[in-house]
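**Student:** One letter stands for each residue in the lines below.
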Amino acid sequence: MDNFIGKRTRSKEGPRHVTGRGLYTDDFRLPGMLHAMILRSPHAHARIVSVDPGEALKNPNVVAVVTPQDIKQTTKPFKPGRYAAGLKRSIDEYAGATEKVRYVGEPFGAVAARDRGTAEDALEQIQVEYEPLRPVVDVREAMKPSSAVLFDELGTNLAWNGSLSYGDVEGAFKSADRVVKENLKIHRYSSTPLEPFIVIASYDAASKRLTVWVTAQVPEVIYDGLREALGLQDIRVIIPDVGGGFGQKIHLIRKYVVLVSLLSMKSGRPVKWVEDRSEHMMAGGHACAQEFEAEMAVKNDGTVIGLRFKEYDDVGGSISTLTIHFTNKLNNLSNTYRVRNIALEGFAVVTNKCPVIPNRGIGKPGMCYVWERMMDRVAQELNLTPIEVRRKNLIQPDEMPYATPSGNVYDSGDYPGLLQGLLEKIEYDKLREEQRREREKGRLIGIGVVIAVEPGGRNAARDMAIFPEMKEPPGSGGVNGAKIKLEKNGTLSLHLGSPNCGQAHETTTAQVAADLLGTTPDKISTSIPFDSDLSPWGVAAANSGNNFHLYDIGAIHGAATRLREKVLKLAAHNLQVDPSELTIEDGVVKVPGSATKQITFAELGRIAYNNQHLIPDDLEAGLEATYYYTFPHAKPNLVPGAERLVRAQFTFSAGAHAAIVEVDKNTGAVHVLRYLIVGDNGTVINPDVVNGQVFGSAAHGIAVALGEGFIYSPEGQPLTVTYLDYGKCSAAETPRVEVMHRPSPSPWTALGQKAAGEGAAIPSPAALASAVEDALTPFGVKVCDLPLTPEAVWRLANHNPESERRSY
Amino acid sequence: MKQTIRVTINGRLYEEDVEPRQLLAHFLRDAIGLTGTHVGCVVGECGACSILLDGKVVKSCLHLAVQADGREVTTIEGLAKDGELSPIQEAFVKNYALQCGYCTPGMIMTSHALLRDNPNPSEEEIRKALAGNLCMCTGYVQIVEAVKEAARGSKNG
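Read top to bottom, the protein sequences are chains A and B.
Under this note's numbering, the first residue of the first sequence carries the number 1, and numbering increases by one thereafter.
Under this note's numbering, the first residue of the second sequence carries the number 1, and numbering increases by one thereafter.
If you're looking for bench data, these hints aren't it; they were derived computationally from the structure.
Heads up, the beta-carbon is just placed ideally off N, CA and C, and yes, glycines get one too.
Among the clues, some could well be false.
So, partial list: chain A residues that the calculated Cβ filter (under 10 Å) puts toward chain B [what the hints assert, rightly or not]:
{"no.": "1", "residue": "R21"}
{"no.": "2", "residue": "D276"}
{"no.": "3", "residue": "Q503"}
{"no.": "4", "residue": "V739"}
Please take these sequences and the hints and turn them into a complete structure.
**Tutor:** See below:
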């Protein structure tokens, strides 16, 4: 049966992409289509006094304008979603600002014209009067009573503060031999998908039907957002090829879908909007800057008995994603360690910066950063090696499945094995020797070794653990559908609930379906685009690598299994045998060893749709199956109770990472000499696909650590609005990441598969920090803050850690 | 005031009226319908719109359509012949040198030109040649492998 699962098969997506035949939203043109531009704030913080589009509308080629008044009068605010959970007082958030703008680039209107150039010109002719307000840029300043306030309704910029605790944290700190403390910081960054936001909206006024084509990751967010904001019932969401997602295209994009839809409703014409790069960099959403005050309670032998930390999140100028980076801390709260006493307190602070969004890992890189930086600190303070300290605290393979203090249940994993495999592969002891020798010659070589879990699956009920005032869970677990159909000619077509944005959905699902149905991937086509009229719903998969494995693969597995039963039943009836006597090979159902008792998929297809006489009375005609998957092992702790125990995610991949770097003292440049990962992604369905996810996520985490990031001026002006300013890494700067697999298959998923997607982006920032700090050992400095730009590293190496801090 | 240009694209001559301010990338996509040339930044940083202009790799967002008048353009659609992938295209498919596919056409055009000029590039030369083409998905490992494999293939062939 495993003819294709686990094998390198030919990419299903590859041929169309290498010939330029992928179809992205921007590739569609509708008759009479107009082109939109978005009206955005040039101020970090200002009151909108008036907006007058009169001059722009004088141009006959300008067809429609949307103003803040239109937004307020013709749309409704989005319902506060789970990302806004925790907000004490509800604050209306519309698709655009209506009275105040709270970050540079915040949308508050739009214009549609017959061509893009005219729309750009028209934007400049809209007269806007602002009353600039004092910008709020620094998190600590924002919390002071003297600060200007973003949301008058709240009266403070500290939009949420809360805490939770597991085990006996007080007791652990009292009985500790030592308490190790450190303040740590991760900056603002993003995965900046190469394809920016793109929307086409077409409203048919006569039938009150709205169709949108959009490069979005989660159809449900778009569908719900349009329904909430525009009050429409008849909505069709089509998602063609998506040019990269990484979380960027889940949430914030719904605003633009609403604004472009409004233009279509106003003009009676289809309208396309293509975001430009600088718009995306200033307003497309950033990962949250997070500051931590961490404390670890330890025994002298290196045993960690408690962790507590405060987290200050710089969430930007929106309340709609207020707490996502904090709530996600529950997903990898224990990382790979059997520490039973953990407490955390969160401060969500609004500032006049771009809103934060769920970017690759969402807060999990921060959690891992806390664990792995602190493990190094413990080693330093106790004069132990960083490897010893980690080994001492790792969850052991014979403890699996392992229940963490917050209620996660780790399905499988061999963390000591991953660490050991990594050390052997890099020849750790030899490497340390070499490092000593090179240091004597003046070379600053550093070695950083870290370990991390990569959780997969989703459970929105997690948030109830953090916000006990919630009465109902905002959903729980995940549900995801798949449809599979045997065509009349014997080929198969699949419809997935989640669109593909680069994780090889088509290739991987075809491998699974081919094995289950006894055919070959080349006889299987997966339907692209996603179309809410035709596709099953994919609420869970969110088009992400850390959900696809569980929900889409689970759904395809279920649908294919169901279809196989139907195929066997129909074949058995026609061959006059019992279904149990049959096997399927290469699209032929047969009795093994018999030359005559066989029937092809094509023959069955013709019967199923065409020939009632040959269909058994107790079998539904047609050969199609739909399956909606939920994770069957989601209990206990699916919904938290009084103890606030909850399964934040359901499968736990893991990886041990080693970064070997060289620091140039004179320039502060960090060169990654080698980057190696020993990973556990469970059963690997396609090694090339999984490796690609690991390479990509590692490369991004490394680039984040070494300097890519968003910078604001003290006035709240974004200074990084191009790839060049932002510091995106090309092939020339990106190290060659090496990956080895040491899988511990999940006992609870259909094939033993676990997540691969966010993966290496979670521990890689910590690995780099560890390696750079190790390289700088001769100077006795600590690495606490990211990014490690050449400037920051130079200051550390040259005994000048008190650098002028820019606002990241 | 529109201007008439004559430009040969993937071996076929086109005569079109264009706005002087229209970018070559938008001309190829909107006027000719060759949507394989992608646009990721419009300021020459990402390389998704890389094409060959008189055989040289250029970023078509940094050229105006009128600058292509009288010249020859090759886009990603011009590489495969009769459904048969060119060696570099085949190597990209085989090595999973793409994920979302958005950077892929530009990557392939640049790689194609590199291998034409330097059939046996080192890894460093490959990485330098591709430095003008950004990819957010792959971490570049499989892309570099694909270029190496295409180079080996052309040597063997």
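**Student:** All hints are to be evaluated individually against the structure, with a verdict given for each.
**Tutor:** Hint check results:
A distance limit of 10 Å between C-beta atoms decides the matter here; for A:R21 the minimum to chain B is near 7 Å, and the interface restraint holds. At a threshold of 10 Å, the smallest CB-CB gap from A:D276 to chain B is about 6 Å, leaving the interface hint in force. Hint on A:Q503 holds. Least Cβ distance to chain B is approximately 7 Å, under the 10 Å limit. Look at A:V739: its Cβ gets to within about 9 Å of chain B, closer than 10 Å, so that hint holds up.
The structure fails none of the hints (numbered hints given earlier).
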